[in-house]
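Single-letter residue listing:
There are 4 protein chains.
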Amino acid sequence: MERMRIRTDLAVEARESFEGSDTEVHGVIVEETYDEQRDIRLTRVQIVSERGAREMGKPMGNYLTLEAPGMAAPDEDYHREISEVLSQHLRELIGEEKERSILVAGLGNRDVTPDALGPKTVSNLLITRHLIREYGKEVMGTKQCNQISGIVPGVMAQTGMETSEIIKGIVEQTSPDLLIVIDALAARSTKRLSRTIQLTDTGIQPGSGVGNHRNSLTEESLGIPVIAIGVPTVVEAAAIVYDAQGSSEQLPPHLNGMFVTPKNIDEMIKQLSFTLSEALNIAFQIREKS
Amino acid sequence: MERMRIRTDLAVEARESFEGSDTEVHGVIVEETYDEQRDIRLTRVQIVSERGAREMGKPMGNYLTLEAPGMAAPDEDYHREISEVLSQHLRELIGEEKERSILVAGLGNRDVTPDALGPKTVSNLLITRHLIREYGKEVMGTKQCNQISGIVPGVMAQTGMETSEIIKGIVEQTSPDLLIVIDALAARSTKRLSRTIQLTDTGIQPGSGVGNHRNSLTEESLGIPVIAIGVPTVVEAAAIVYDAQGSSEQLPPHLNGMFVTPKNIDEMIKQLSFTLSEALNIAFQIREKS
Amino acid sequence: MERMRIRTDLAVEARESFEGSDTEVHGVIVEETYDEQRDIRLTRVQIVSERGAREMGKPMGNYLTLEAPGMAAPDEDYHREISEVLSQHLRELIGEEKERSILVAGLGNRDVTPDALGPKTVSNLLITRHLIREYGKEVMGTKQCNQISGIVPGVMAQTGMETSEIIKGIVEQTSPDLLIVIDALAARSTKRLSRTIQLTDTGIQPGSGVGNHRNSLTEESLGIPVIAIGVPTVVEAAAIVYDAQGSSEQLPPHLNGMFVTPKNIDEMIKQLSFTLSEALNIAFQIREKS
Amino acid sequence: MERMRIRTDLAVEARESFEGSDTEVHGVIVEETYDEQRDIRLTRVQIVSERGAREMGKPMGNYLTLEAPGMAAPDEDYHREISEVLSQHLRELIGEEKERSILVAGLGNRDVTPDALGPKTVSNLLITRHLIREYGKEVMGTKQCNQISGIVPGVMAQTGMETSEIIKGIVEQTSPDLLIVIDALAARSTKRLSRTIQLTDTGIQPGSGVGNHRNSLTEESLGIPVIAIGVPTVVEAAAIVYDAQGSSEQLPPHLNGMFVTPKNIDEMIKQLSFTLSEALNIAFQIREKS
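Read top to bottom, the protein sequences are chains A, B, C and D. Residues in the first sequence are numbered from 1 upward in steps of one, following this note's numbering. Residues in the second sequence are numbered from 1 upward in steps of one, following this note's numbering. Residues in the third sequence are numbered from 1 upward in steps of one, following this note's numbering. Residues in the fourth sequence are numbered from 1 upward in steps of one, following this note's numbering.
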């Protein structure tokens with residue numbers, strides 16, 4: 001339990017921190033499937049009770065984790081497959097096929113490489129809301145289509161405002177049916193970096209993300225469903241020291257506000273943001289029913 | 001009057017378009033001063049009646065234009081002087097010395113060089129709102145201080161939303177006392193480019209700016225005073241052709257959506273955004289009364 | 001002939017400037033094919049004599065121009081087709097299938113949107129020279145492979161050096177077999193912008209490109225073959241005025257150093273640089289002979 | 001001695017790693033001065049013998065380290081003072097006041113925030129070589145002036161070439177009298193980050209810098225004096241774990257290629273690159289003798 005002092009944004013890691021990761025935690029349902037051919041592991045963590053939420057340190061809801069070691073390599077075809085798999089799971093979370101207005105928010109600091117995942121993903125999305133509102137659905141060449149809008153709110157050091165204030169204001173003005181937030185996450189272990197994608201319908205909690213968002217972005221706070229897509233791109237510096245020295249000693253205070261990230265983080269972010277934006281662009285297309 | 005078909009965001013240019021620029025226009029008061037030593041020309045255009053507004057094609061209010069040919073050259077000391085002069089006029093528009101919460105919005109597209117003036121200016125502002133709210137005024141080392149927040153909303157092609165929707169949402173959530181918008185403008189003549197700064201208390205009108213904002217950002221639409229700071233960085237391509245061929249002929253349609261800008265626009269935007277951000281940073285300091 | 005005063009980097013436009021574009025110019029062979037299904041027009045201009053070179057204002061050699069109106073639209077599949085077509089013509093120019101070391105130089109100013117085509121294209125290339133030299137060809141998973149290196153030299157205002165000095169130094173140190181330069185060009189007409197790609201085996205001439213390179217990058221100056229790939233992204237401001245007023249009048253001097261470019265140039269550059277980098281990445285793969 | 005397994009680019013840290021940092025190392029002269037008023041500590045390490053070089057793991061030469069804790073804070077006036085102090089020491093290293101041609105190379109990866117120090121510093125330099133060569137010294141308004149050129153070569157993953165190949169080629173083509181390289185460094189301790197500047201006349205050694213340059217940039221390899229200016233912006237992840245667990249255990253291999261850096265590294269790099277470029281711009285002015 002001591003280990004929980006070190007922050008992780010990943011439900012799978014929170015789960016593992018319990019001694020003997022096979023132990024059942026009350027109110028937490030874990031289901032794992034492995035696609036051997038493509039080497040993709042899917043873990044579905046459902047937190048179904050308040051007690052489970054308390055023990056996991058995460059709110060009730062569904063957490064889907066897709067782990068693919070190959071994701072760290074620059075194989076374009078493989079990434080397209082990941083985008084396809086991801087888009088299917090996104091469709092499940094988004095719900096049945098009907099037209100909606102969806103706002104995608106790319107959280108994080110575009111000037112800090114490992115935190116730029118959200119901003120870069122949004123910059124590659126197919127933005128359609130203004131086109132459909134101006135020219136009608138015909139402009140999209142389909143009978144049914146979603147209205148997609150996007151925002152890169154920046155971080156508090158740049159804006160002086162909470163990300164949640166900005167998003168809330170925009171949600172109230174433009175009334176989307178759904179908010180999807182993309183964020184770079186902090187993992188507990190460097191082994192997860194850039195090879196794990198987490199989808200959840202619980203939104204964003206205070207203290208999560210590379211930049212530690214202070215307020216929540218949830219259905220409760222915003223009034224519309226919130227899906228969060230996160231990829232761990234950093235580990236807190238304290239975490240790797242903690243692992244090295246064991247739990248009994250003091251963590252050095254000068255490691256606060258320091259993170260660990262790979263040297264080729266620029267290539268990873270470029271690759272991952274394409275994978276995510278492609279997955280979103282696919283998921284946003286409404287398939288005609290035959 | 002024909003000439004008015006071509007757009008200008010500058011009140012001084014709208015004024016000049018009347019035949020014989022000495023003619024008085026009803027409801028428009030023009031006052032000009034020239035600082036010979038520093039080669040800075042100040043033109044104050046006041047539109048005081050609805051008729052004046054109609055004839056000028058601009059809303060009632062105050063327009064201050066500062067013209068300084070030296071501004072296009074990279075002389076750091078000279079730019080600091082411009083920042084000082086500008087900050088004084090800004091203080092006049094902002095009003096008496098008391099603490100306020102001020103939101104600065106950097107309009108325009110950061111990916112199109114001549115339209116990046118607003119985004120770049122905001123990125124060099126001293127943002128303080130979050131610090132003062134968290135640690136109190138003491139953190140600023142002064143008795144009185146303004147709470148400064150900043151936003152770079154992006155353009156409609158990137159967000160799918162009107163800039164005005166985003167700003168309005170943020171204003172409603174964070175309740176600033178004043179909004180300042182920074183924007184790259186379209187001039188009528190290439191001679192004005194990068195050597196003219198316009199301050200106005202009328203906010204932003206539909207159809208203004210390099211990206212042609214479609215909705216207004218004004219006290220009427222937002223409920224708080226709006227000061228707009230603009231620098232012309234482009235001329236519509238149609239305007240230079242119009243000048244060349246005279247008024248009688250047809251403008252070629254393939255020039256729609258085309259603009260004219262100098263080759264060294266990157267250096268100009270870098271220089272100008274520093275000048276503006278320094279002017280704002282100075283203007284935002286509250287001077288202690290002795 | 002008067003019209004030639006206005007610069008064009010495109011051989012097809014130089015050709016058109018002769019009265020009645022059907023007239024034959026001595027020493028210039030023009031061949032045109034049109035792919036109706038994909039709406040792609042290919043024009044092959046061969047300048048085979050010194051006299052032809054003098055009349056065209058371009059050196060002897062092969063100029064291939066690919067015109068596709070659809071290229072300006074963001075249709076990903078269509079762009080992939082253009083990349084395929086382009087890669088075939090590139091292979092022809094590069095020559096027979098054997099392993100080589102190829103240096104790709106992305107000319108232009110990455111901070112001026114319409115001039116950033118070269119830098120952005122190079123940033124999406126698959127760079128392999130260092131990998132092959134360190135780990136051998138096996139690392140590429142093929143029997144035969146080219147060693148690709150890339151450079152973004154910057155422009156003279158940023159470096160204080162001629163682009164040709166930088167490239168020549170790097171060529172002498174790293175001894176590639178072939179240089180490919182990517183550059184944003186100036187067209188004579190706005191109708192060509194972002195829908196035309198020019199390939200030539202004559203390299204780069206003084207005064208060409210958006211930034212007007214002053215020295216040449218040619219086989220003569222560098223000692224290795226030089227292929228230039230260019231896309232017109234601007235028109236000189238003087239050109240559109242010239243067209244409007246006819247040839248007899250004086251061009252206004254304040255238009256010097258001004259260019260015309262579309263407002264959505266950021267999207268065009270993004271799209272075009274992907275198309276070019278994909279074409280290069282495909283062309284650089286050596287096909288196994290069966 | 002064991003501690004030396006972990007890399008540091010700082011001579012002061014190499015010096016400290018000897019037990020009891022007061023012990024004299026043969027062939028190494030250390031001199032320290034402290035400016036109490038401005039809280040700036042200057043350490044001059046001279047390695048004067050081959051034995052000293054071997055023991056320190058650094059080549060013979062002069063290393064000047066300027067430590068100023070205030071440097072991490074965004075106080076513009078204080079940074080200007082640092083720039084002044086730094087420019088004086090630079091002038092000492094550059095040598096007597098006479099006109100020269102100086103090439104400044106900004107090493108590192110502009111797309112990885114803590115490695116972007118060099119590229120960002122060069123982008124703020126006053127580049128003059130092309131102006132002086134074109135218009136003569138008069139253009140600078142002084143009797144004597146240095147010709148400054150600048151290059152941002154990129155990193156091997158982007159270019160496929162060693163940085164040293166690119167720089168060597170450019171040096172041979174443009175024949176500067178002096179090379180100055182700016183680089184982000186790896187420190188041994190997070191306490192040094194962003195508050196330490198190292199000047200040395202020994203150039204760059206293999207394995208130094210955030211990106212671990214593999215070849216040297218030295219007077220020996222290039223034929224002209226090489227001054228290196230470095231600021232530590234990262235610590236190798238292995239180093240902080242090593243400190244935590246003591247010297248006896250194995251370092252986890254998954255930390256290879258990982259670095260530790262502060263969350264506000266974007267602000268630090270912005271601030272530091274201004275401080276360095278201002279110091280260089282001041283140092284490059286030739287003072288008239290009275």
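Any given hint could be a false lead.
[Claimed, not checked] Non-contacting residues of chain B with respect to chain C, defined by C-beta distances greater than 10 Å in every case (computed):
| hint | residue |
| --- | --- |
| 1 | 73 |
| 2 | 157 |
| 3 | 264 |
[What the hints assert, rightly or not] Subject to a maximum C-alpha distance of 30 Å in a straight line, what follows is the list of computed DSBU-like cross-link-like pairs (lysine-lysine):
| hint | chain 1 | residue 1 | chain 2 | residue 2 |
| --- | --- | --- | --- | --- |
| 4 | D | 270 | D | 191 |
| 5 | C | 98 | B | 270 |
| 6 | B | 270 | D | 191 |
| 7 | D | 143 | B | 270 |
To be clear, the hints were calculated from the coordinates, so they are not data collected in a lab. Because the structure is a prediction, the values reported are computed rather than measured. Glycine included, C-beta positions come from ideal geometry on N, C-alpha and C.
* Which of the listed hints are broken here? -> The structure conflicts with hints 2, 3, 5 and 6, although it agrees with all the remaining ones.
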